[in-house]
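Engineer: Spelled out, the chains give:
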Amino acid sequence: DTGVSQNPRHKITKRGQNVTFRCDPISEHNRLYWYRQTLGQGPEFLTYFQNEAQLEKSRLLSDRFSAERPKGSFSTLEIQRTEQGDSAMYLCASSRTSGYYNEQFFGPGTRLTVL
Amino acid sequence: GENVEQHPSTLSVQEGDSAVIKCTYSDSASNYFPWYKQELGKRPQLIIDIRSNVGEKKDQRIAVTLNKTAKHFSLHITETQPEDSAVYFCAAIPFGNEKLTFGTGTRLTIIP
Chain A
37 DTGVSQNPRH
47 KITKRGQNVT
57 FRCDPISEHN
67 RLYWYRQTLG
77 QGPEFLTYFQ
87 NEAQLEKSRL
97 LSDRFSAERP
107 KGSFSTLEIQ
117 RTEQGDSAMY
127 LCASSRTSGY
137 YNEQFFGPGT
147 RLTVL
Chain B
-13 GENVEQHPST
-3 LSVQEGDSAV
7 IKCTYSDSAS
17 NYFPWYKQEL
27 GKRPQLIIDI
37 RSNVGEKKDQ
47 RIAVTLNKTA
57 KHFSLHITET
67 QPEDSAVYFC
77 AAIPFGNEKL
87 TFGTGTRLTI
97 IP
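Protein sequence lines, in the order shown, are assigned to chains A and B. Residues 37 to 151 (this note's numbering) make up the first sequence, in order. Residues -13 to 98 (this note's numbering) make up the second sequence, in order.
Hint data in this document are derived by calculation from the structure and do not stem from the laboratory. Glycine included, each C-beta is placed from N, C-alpha and C at the ideal position. Treat the hints with care, as some may be off.
[Unchecked claim] With a cut-off of at most 25 angstroms between alpha-carbon atoms, the simulated BS3-like pairs for lysine-lysine come out as follows:
(1) A:K93 to B:K85
(2) A:K107 to B:K85
(3) B:K57 to B:K8
(4) B:K8 to B:K43
(5) B:K28 to A:K47
[Said to hold, decoys possible] Here are some chain B residues the structure puts well away from chain A; computed CB gaps all over 12 angstroms:
(6) Q(-8)
(7) L(-3)
(8) K8
(9) Q31
(10) E42
(11) T51
(12) K57
(13) Q67
(14) S71
(15) I79
(16) T87
(17) G89
Start from the sequences and build out the full structure, keeping to the hints where you can.
Structural biologist: Set out below in structure tokens:
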């Protein structure tokens, strides 16, 4: 499968614990995005990278959230001191950069449940 | 920032009939409008998109129309089939921006 992959697919944690998710984009894609999706809602933008540079962060991304893409390939999203309100599906997407606008390809997501 | 509204939230149609989902957007700078289909437990997948220099685009049984003046765009699915059952999301993005703003989704159910 050469699509976007995410690990783990499911994560259950207790409130106050730290969690880290990984996203592997399509290999030739230099843009990588993180979205959060709660039940019955559309995905909400969190942040995006072009290569290793984090170019935009949403106000949704509190200081408990941090994302990295150290070598411009895979990315990690860490949530510190998790809260029940962090329970959601975390989606990663990637795209190429070539002129106009390019389709964002989504991964299967990591479903986080905070107890 | 951009705000996208989507209607209806649920839609049931008889197999073979047509389905229409409507979205409105607020930012006149938005110029790219993709539609994603998300089946239960699966990733969102692009099914069709339209750019602001085009009024209509068709791909087999699905079509999208765009009215820039009114700031609304619609998805049309004809000859619906059971495999069309899914949640559909519209989205908008302004030129030079990388942030997709999604609507709240429409759960489409095709009744055999």
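Engineer: Are the hints correct? Go through all of them and say.
Structural biologist: Hint by hint, here is what the structure shows:
1. A:K93 to B:K85: Holds. K93 (chain A) to K85 (chain B) sits at ~10 angstroms (cutoff 25 angstroms).
2. A:K107 to B:K85: Distance of about 22 angstroms is within 25 angstroms: holds.
3. B:K57 to B:K8: 11 angstroms, holds
4. B:K8 to B:K43: Holds - the C-alpha atoms of K43 (chain B) and K8 (chain B) are around 15 angstroms apart, at most 25 angstroms.
5. B:K28 to A:K47: 16 angstroms, holds
6. Q(-8): Label violated. Min Cβ-Cβ 8 angstroms, cutoff 12 angstroms.
7. L(-3): 15 angstroms, holds
8. K8: Check passes; 15 angstroms lies beyond 12 angstroms.
9. Q31: 7 angstroms, violated
10. E42: At about 19 angstroms from chain A, E42 (chain B) clears the 12 angstroms cut-off, so the statement holds.
11. T51: 19 angstroms, holds
12. K57: For K57 (chain B), whose nearest Cβ neighbour in chain A is about 18 angstroms away, the distance exceeds 12 angstroms, so it holds.
13. Q67: 23 angstroms, holds
14. S71: Since the minimum Cβ distance to chain A is about 17 angstroms, S71 (chain B) lies beyond 12 angstroms and the statement holds.
15. I79: Contrary to the label, I79 (chain B) does not stay out of reach of chain A, its closest Cβ about 6 angstroms off (not over 12 angstroms).
16. T87: Contrary to the label, T87 (chain B) does not stay out of reach of chain A, its closest Cβ about 7 angstroms off (not over 12 angstroms).
17. G89: Incorrect as stated: the minimum Cβ-Cβ distance to chain A is 6 angstroms, not above 12 angstroms.
Hint compliance for this structure: hints 6, 9, 15, 16 and 17 are broken, all remaining hints hold.
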